[in-house]
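Turn these sequences into a full structure, and let the hints steer you where they fit.
All letters in the sequence shown, in the order written, are residues 1 to 80 by UniProt numbering.
Incorrect hints may appear among the rest.
To be verified - For lysine-lysine, the following DSSO-like pairs were computed, each having C-alpha atoms within a straight-line distance of at most 30 Å:
1. 36 <-> 10
2. 36 <-> 80
3. 80 <-> 49
4. 36 <-> 49
5. 36 <-> 47
6. 11 <-> 47
7. 26 <-> 64
What the hints assert, rightly or not - Quick list of the computed label-pair ranges, beta carbon to beta carbon:
8. 58 <-> 80: 27 to 35 Å
9. 75 <-> 8: 16 to 24 Å
10. 58 <-> 79: 26 to 34 Å
11. 80 <-> 6: 34 to 42 Å
12. 20 <-> 61: 28 to 36 Å
13. 80 <-> 39: 15 to 23 Å
14. 52 <-> 7: 19 to 27 Å
15. 76 <-> 47: 36 to 44 Å
16. 46 <-> 8: 36 to 44 Å
17. 2 <-> 27: 18 to 26 Å
18. 8 <-> 79: 34 to 42 Å
FYI, nobody ran anything at the bench for these hints, they're computed from the structure. From a predicted model like this one, the values you see are computed outputs, not experimental measurements. The beta-carbon is built from N, C-alpha and C at its ideal position, and this holds for glycine as well.
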Amino acid sequence: MVFSTDETTKKAVVCAGVPLNGSQGKQLEVSEWLTKALQPLKGRCGKGKGGLASGQGTDASQIKEAMDLATSFASLKLSK
1 MVFSTDETTK KAVVCAGVPL NGSQGKQLEV SEWLTKALQP LKGRCGKGKG GLASGQGTDA
61 SQIKEAMDLA TSFASLKLSK
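Structure follows, in C-alpha coordinates:
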(Lines of atoms letter the chains of each structure in order from A and count residues from 1; the text may use other names and numbers.)
(Lines give C-alpha, C1' and ligand atoms only; values in the text may rest on other atoms or scores of the structure.)
Protein backbone atom coordinates (compact mmCIF):
# COMPACT_ATOMS: atom_id res chain seq x y z
CA MET A 1 0.00 0.00 0.00
CA VAL A 2 1.28 3.43 -0.97
CA PHE A 3 0.10 6.71 0.56
CA SER A 4 0.57 10.16 -0.96
CA THR A 5 -0.65 13.55 0.26
CA ASP A 6 -1.10 16.95 -1.33
CA GLU A 7 -0.54 19.63 1.30
CA THR A 8 -2.14 22.31 -0.88
CA THR A 9 -5.49 20.57 -1.32
CA LYS A 10 -5.30 18.56 1.96
CA LYS A 11 -6.16 15.38 0.00
CA ALA A 12 -4.60 11.94 0.12
CA VAL A 13 -4.32 9.24 -2.53
CA VAL A 14 -3.85 5.60 -1.57
CA CYS A 15 -2.99 2.69 -3.88
CA ALA A 16 -3.00 -0.93 -2.76
CA GLY A 17 -2.04 -4.25 -4.28
CA VAL A 18 -2.39 -7.85 -3.20
CA PRO A 19 -0.94 -10.82 -5.13
CA LEU A 20 -3.66 -12.79 -6.89
CA ASN A 21 -1.75 -16.06 -6.58
CA GLY A 22 -0.90 -17.59 -3.23
CA SER A 23 -2.47 -17.41 0.19
CA GLN A 24 -2.23 -13.62 0.65
CA GLY A 25 -4.79 -12.91 -2.05
CA LYS A 26 -7.24 -15.27 -0.40
CA GLN A 27 -6.76 -13.86 3.11
CA LEU A 28 -6.60 -10.14 2.30
CA GLU A 29 -9.07 -8.68 -0.20
CA VAL A 30 -7.63 -5.50 -1.70
CA SER A 31 -10.77 -3.32 -1.78
CA GLU A 32 -11.69 -4.29 1.80
CA TRP A 33 -8.15 -3.38 2.95
CA LEU A 34 -8.20 -0.08 1.06
CA THR A 35 -11.68 0.84 2.31
CA LYS A 36 -10.51 0.32 5.89
CA ALA A 37 -7.39 2.46 5.33
CA LEU A 38 -9.41 5.28 3.78
CA GLN A 39 -11.81 5.65 6.73
CA PRO A 40 -9.66 8.11 8.74
CA LEU A 41 -9.02 10.08 5.54
CA LYS A 42 -12.76 10.46 4.87
CA GLY A 43 -12.20 8.69 1.59
CA ARG A 44 -13.62 6.15 -0.78
CA CYS A 45 -12.45 3.74 -3.42
CA GLY A 46 -13.66 1.60 -6.27
CA LYS A 47 -13.74 -2.19 -6.33
CA GLY A 48 -10.32 -2.53 -7.92
CA LYS A 49 -9.24 -5.08 -10.49
CA GLY A 50 -6.53 -7.68 -10.76
CA GLY A 51 -5.49 -7.34 -7.12
CA LEU A 52 -5.03 -3.56 -7.43
CA ALA A 53 -7.20 -0.72 -6.15
CA SER A 54 -6.91 3.00 -5.48
CA GLY A 55 -8.87 5.67 -3.69
CA GLN A 56 -8.65 9.15 -2.27
CA GLY A 57 -9.62 11.02 0.85
CA THR A 58 -10.27 14.62 1.79
CA ASP A 59 -8.49 14.71 5.18
CA ALA A 60 -4.75 14.22 4.65
CA SER A 61 -4.06 15.29 8.24
CA GLN A 62 -5.09 11.76 9.30
CA ILE A 63 -2.46 9.98 7.17
CA LYS A 64 -0.61 8.48 10.16
CA GLU A 65 -3.83 7.02 11.57
CA ALA A 66 -4.72 5.62 8.12
CA MET A 67 -1.30 3.97 7.79
CA ASP A 68 -1.54 2.45 11.27
CA LEU A 69 -5.05 1.16 10.57
CA ALA A 70 -3.98 -0.37 7.24
CA THR A 71 -1.04 -2.11 8.90
CA SER A 72 -3.07 -3.55 11.76
CA PHE A 73 -5.89 -4.65 9.43
CA ALA A 74 -3.49 -6.47 7.09
CA SER A 75 -1.68 -8.09 10.02
CA LEU A 76 -4.96 -9.34 11.46
CA LYS A 77 -6.14 -10.79 8.13
CA LEU A 78 -2.81 -12.39 7.26
CA SER A 79 -2.37 -13.99 10.69
CA LYS A 80 -5.44 -16.23 10.19
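Satisfaction of the hinted span 28 to 36 Å by the C-beta atoms belonging to residue 20 and residue 61 | 34 Å, holds
Is it true that the CA of residue 36 sits at most 30 Å from the CA of residue 47?
-> 13 Å, holds
Could you say whether the range 27 to 35 Å given as a hint is met by the Cβ separation of residue 58 and residue 80?
-> For residue 80 against residue 58, whose Cβ atoms are near 32 Å apart, the range 27 to 35 Å holds.
Hinted pair residue 80 and residue 49, Cα distance within 30 Å = 24 Å, holds
CB of residue 76 to CB of residue 47, is that within 36 to 44 Å?
-> Violated - the Cβ-Cβ distance for residue 76 and residue 47, about 22 Å, lies outside 36 to 44 Å.
30 Å limit on alpha-carbon distance, applied to hinted pair residue 36 and residue 10 | 19 Å, holds
Verify the proposed pairing of residue 26 with residue 64, using a straight-line Cα cut of 30 Å.
-> 27 Å, holds
Is it true that the C-beta distance of residue 8 to residue 79 lies inside 34 to 42 Å, as the hint says?
-> 39 Å, holds
Quickly compare the C-alpha distance for residue 36 and residue 80 to 30 Å and report which way the hint goes.
-> Holds, because 18 Å separates the two Cα atoms, which is no more than 30 Å.
Quick one: are residue 80 and residue 6 within 34 to 42 Å, going by C-beta?
-> Distance hint for residue 80, residue 6 holds at roughly 35 Å.
Kindly confirm whether 18 to 26 Å is satisfied by the beta carbon distance between residue 2 and residue 27.
-> 20 Å, holds
Please test the hint of 36 to 44 Å on the beta carbon pair from residue 46 and residue 8.
-> For residue 46 and residue 8 the Cβ distance comes to about 24 Å; the hint is violated.
Comparing the model with each earlier hint shows violations of hints 9, 15 and 16; every other hint is respected.
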